[in-house]
Amino acid sequence: MILLCGIPTESPLAMVRKALDASGEHYLLLNQRQFSVMGIMLEIADGRSTGRLRVNGDSYPLEEFTAIFTRLMDYRFLPELKDQPDGSPQRQLCRNLLDTLNRWAEVAPARVVNRTAAMGSNFSKPFQAQLIRRFGFEIPETLITNDPELVKAFRARHQRIIYKSISGVRSIVQTFNDRDMERLENIRWCPTQFQAFVEGTNVRVHTVGHETFATAITTDATDYRYAHRQGGNHAKLRAVELSDDLAQRCLELSEGLGLAFAGIDLKVTHDNRAYCFEVNPSPAFSYYEAHTGQPIARAVAAYLAGG
Amino acid sequence: MWLVLCSTQDISGLWAFQGLQLRGLRPIELVTVEMLPYSLKWEHTMGVSDPEFSITLVDGRVIKSGAVRGVLNRLTHVPLHHLAGGPDYDYATQEYTAFFMSWLFALPMPVINRADAQGLCGAWRHISEWVWLAGRAGLPTPLYSQKSTDRIDETVEIRRLHPVGTPTITAIVVGERVFGPHLPSRILTGCLRLAQLAKAGLLGIEFAASASENGWTFAGATPMPDLRVGGEPLLNALAEELF
Chain A
55 MILLCGIPTE SPLAMVRKAL DASGEHYLLL NQRQFSVMGI MLEIADGRST GRLRVNGDSY
115 PLEEFTAIFT RLMDYRFLPE LKDQPDGSPQ RQLCRNLLDT LNRWAEVAPA RVVNRTAAMG
175 SNFSKPFQAQ LIRRFGFEIP ETLITNDPEL VKAFRARHQR IIYKSISGVR SIVQTFNDRD
235 MERLENIRWC PTQFQAFVEG TNVRVHTVGH ETFATAITTD ATDYRYAHRQ GGNHAKLRAV
295 ELSDDLAQRC LELSEGLGLA FAGIDLKVTH DNRAYCFEVN PSPAFSYYEA HTGQPIARAV
355 AAYLAGG
Chain B
-19 MWLVLCSTQD ISGLWAFQGL QLRGLRPIEL VTVEMLPYSL KWEHTMGVSD PEFSITLVDG
41 RVIKSGAVRG VLNRLTHVPL HHLAGGPDYD YATQEYTAFF MSWLFALPMP VINRADAQGL
101 CGAWRHISEW VWLAGRAGLP TPLYSQKSTD RIDETVEIRR LHPVGTPTIT AIVVGERVFG
161 PHLPSRILTG CLRLAQLAKA GLLGIEFAAS ASENGWTFAG ATPMPDLRVG GEPLLNALAE
221 ELF
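Read top to bottom, the protein sequences are chains A and B.
Residues 55 to 361 in our numbering are what the first sequence lists, from first letter to last.
Residues -19 to 223 in our numbering are what the second sequence lists, from first letter to last.
Keep in mind that the hints were calculated from the coordinates and are not lab data.
Just to be clear, a hint being listed does not mean it is correct.
Pairs of lysine to any residue, SDA-like flavour, derived with a Cα cap of 20 angstroms [to be verified]: (1) A/Lys218 / A/Phe189; (2) B/Lys127 / A/Asn85; (3) B/Lys127 / A/Pro143.
If you want the footprint, here are the derived chain B segments under chain A, 3+ residues with CB under 8 angstroms [as the list claims (entries may be wrong)]: (4) -11 to 0; (5) 106 to 112; (6) 117 to 131; (7) 144 to 153.
Cβ-Cβ distance ranges computed for the label pairs, FRET-style [claimed, not checked]: (8) B/Glu137 / A/Pro139: 17 to 23 angstroms; (9) A/Thr323 / B/His61: 42 to 48 angstroms; (10) B/His61 / A/Gln138: 30 to 36 angstroms; (11) A/Asn110 / B/Asp70: 48 to 54 angstroms; (12) A/Pro349 / B/Leu20: 52 to 58 angstroms; (13) A/Pro115 / B/Asp133: 26 to 32 angstroms.
Small disclaimer: the values here were computed from a predicted structure and weren't measured.
Built from N, CA and C at the ideal position, the CB exists for glycine as well.
Work out the full structure, taking the sequences as your base and the hints as a guide.
See below:
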């Protein structure tokens, strides 16, 4: 049986559920917002995990789950808990439930999309970039520094540079401009990441097991996710085919990072060089599927079903 | 040069620094985590060229990655007391930690232990994962049990395999050798296997007194053991690994 965890109305989870329904696969949906009717018990002995999951009075052996798809959100932001004080029994129950689920998913002999440990590389973009490089991708020229003079020299060398967060905190990629020069001294407080701007076409590659789905994004914005906010037109998305070599490298990269499902952000230059910016271990693929019709959710469902 | 990275409070790390110096690893530099956030200049680059970094410390020393021959890394966190209370403290903490993860990972080998996505000096795993790995490594393990109805608050309390106060002893794996107490061969083999599974060049493994396997039952593991447990032989092994 397949276990789906999260909030049923969240688009990626809803789409995978719909795909499982269409294929007739047997699954259990764990609605995170109904935590008060759930319970889980995990035991580990001699390198094996066992236990039981209880939902609405029904009980399931953990060993029966052959795959787990998790889109669990931070319990502190659940509407059901927003008026609960810190340390309330409800908060503690929800926290312990999610924690036990996560602990089990880390050691379960099942297909897990994705395990927390494998998602860790995304916490540090330059750390992940060092791993990405090993799989034959180019990475943008990068400078992390707290010295304004080094940034000025970097800008002079590359002409157009961008800056973005170092950590996994979501940030809008911005082109560094003359107004930013005026506040450059602020970086003395905290090293900041700058990169040479790479000209080319943004390509998001979703890898699912041994399949790839590539989407080209046409935009004049620095960060296509925020194209409208950055003063441009909405980004245009279209499905594209990758070369065999590039598709294979994407699959090897995801596998190397321990990710059964990933969203790889590439920029392909006019002379066909593939720069890789980031590997997202929990991709919101619904945006790409909605614009291109690529059957990503169906592929995730098939992977969970053992295909 | 060789580097020892540790806290000013890390007696064990400071002890190792002295010991490695005495064993001829020179020049060897002690860089404490307390001074790193105050560094005058950070420069960490990557791209077509291999990742590199240069740190100009507040005392004037310059640490360049290309000059480093080996590292004992015992950094666990980035202390940012000087930023505490500021509006961007949480963001700065995440940025600094992510930054440290990257430049530490860029250190040329050998590095004991190398930064990992789960920790600055190697993976800090939850006890449930350690006991699972220990079982797979063939070590005797107690039953681990966790329930959603448990009263424990793990944000302030550590989940344990044995009651607080249970006497424990520690063995330390360095490369292919195990230091500390005399171990039965099956336990020794299990320790080495656990370090391999954990991809840790250096790993402290705790055992609790119990009736099974002549009294050896797994109690926990850490990439930050008290190195003094291994005494002079451990220092010799560290020096060999780093040379």
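Hints and how they fare:
1. A/Lys218 / A/Phe189: Violated - the C-alpha atoms of A/Phe189 and A/Lys218 are around 23 angstroms apart, more than 20 angstroms.
2. B/Lys127 / A/Asn85: This hinted pair holds, its Cα atoms lying about 18 angstroms apart.
3. B/Lys127 / A/Pro143: Holds, at roughly 14 angstroms.
4. -11 to 0: With 0 residues close enough to chain A, the hint is violated.
5. 106 to 112: Holds, because 5 residues of the region 106 to 112 of chain B bring their Cβ atoms closer than 8 angstroms to Cβ atoms of chain A.
6. 117 to 131: This one holds; 11 residues, not fewer than the three required, reach chain A with a Cβ under 8 angstroms.
7. 144 to 153: Three-residue rule not met by the region 144 to 153 of chain B, so violated; n is 0.
8. B/Glu137 / A/Pro139: 17 to 23 angstroms: holds, 19 angstroms
9. A/Thr323 / B/His61: 42 to 48 angstroms: 44 angstroms Cβ-Cβ, so the 42 to 48 angstroms window holds.
10. B/His61 / A/Gln138: 30 to 36 angstroms: Distance hint for B/His61, A/Gln138 holds at roughly 32 angstroms.
11. A/Asn110 / B/Asp70: 48 to 54 angstroms: violated, 37 angstroms
12. A/Pro349 / B/Leu20: 52 to 58 angstroms: holds, 54 angstroms
13. A/Pro115 / B/Asp133: 26 to 32 angstroms: The hint (26 to 32 angstroms, Cβ to Cβ) holds, given that A/Pro115 and B/Asp133 are roughly 28 angstroms apart.
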